[in-house]
Amino acid sequence: DVKVTQSSRYLVKRTGEKVFLECVQDMDHENMFWYRQDPGLGLRLIYFSYDVKMKEKGDIPEGYSVSREKKERFSLILESASTNQTSMYLCASSLGGLREKLFFGSGTQLSVL
Amino acid sequence: QQQVKQSPQSLIVQKGGISIINCAYENTAFDYFPWYQQFPGKGPALLIAIRPDVSEKKEGRFTISFNKSAKQFSLHIMDSQPGDSATYFCAASKNTDKLIFGTGTRLQVFP
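Going down the list, the sequences are from chains A and B. Positions 1 to 113 (our numbering) are the ones given, in order, by the first sequence. Positions 1 to 111 (our numbering) are the ones given, in order, by the second sequence.
Please note that the accuracy of each hint is not assured.
[Claimed, not checked] Derived Cβ-Cβ restraints for the label pairs, each shown as a range:
1. K68(B) - S80(A): 42 to 48 Å
2. R73(A) - L46(B): 37 to 43 Å
3. S106(A) - Q108(B): 19 to 25 Å
4. S80(A) - A45(B): 29 to 35 Å
5. K3(A) - F110(B): 30 to 36 Å
6. S65(B) - S7(A): 21 to 27 Å
7. N95(B) - D38(A): 26 to 32 Å
Note that these hints are calculated values from the structure, not bench results. We treat Cβ as the ideally placed atom computed from N, Cα and C, and that holds for glycine.
All chains, please: the whole structure from these sequences, using the hints.
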């Protein structure tokens with residue numbers, strides 16, 4: 001089974017801190033994604049990557065950046081965390097097309113105080 | 001701009017009943033409609049998907065009904081069980097583009 005591992009289940013940070021969320025997948029998938037999940041708003045795409053060092057903005061990229069230096073690892077960076085970035089962050093990967101079966105990690109619940 | 005509208009936001013069903021979740025879309029170019037299921041503390045997982053060349057797809061107790069003219073598709077869970085309690089997301093995509101998700105439906109099935 002594909003495994004997508006997110007480094008932290010819960011994270012508490014202060015406003016203005018730089019935050020790194022890490023994601024690793026073990027099935028050599030080309031595509032990786034970062035979503036945030038908020039009640040009533042569903043899953044919103046922040047960034048995605050279809051290859052190493054390649055990245056594309058999703059629907060809500062403001063305040064975020066990403067890094068993909070190795071195929072298996074995709075990092076989400078909050079340059080200066082703000083309280084409105086308190087959310088559940090989900091990483092996903094897929095093989096083949098961007099809409100093919102997504103495999104999600106269990107999520108990181110980030111609280112920015 | 002919400003391109004996939006999902007309803008209801010929450011749903012309570014008695015064990016053995018039928019759960020129905022609806023999604024509507026505007027973009028007629030959408031040609032792939034999956035449903036994802038998310039249990040508490042877990043990430044979503046693909047449950048079932050349909051393409052517009054068929055009006056219905058069934059996998060076990062889960063059925064997707066698709067109405068192309070109405071631009072609607074729905075998930076039916078027959079004989080709902082407490083183990084089906086989860087959040088369900090519909091999604092849509094055109095060509096090979098990324099998925100656009102609905103806002104989610106929290107389903108609770110009571111014994």
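- Query: What are the numbers of the hints that this structure violates, sorted from low to high?
  - Reply: Failing hints, ascending: 2 and 6.
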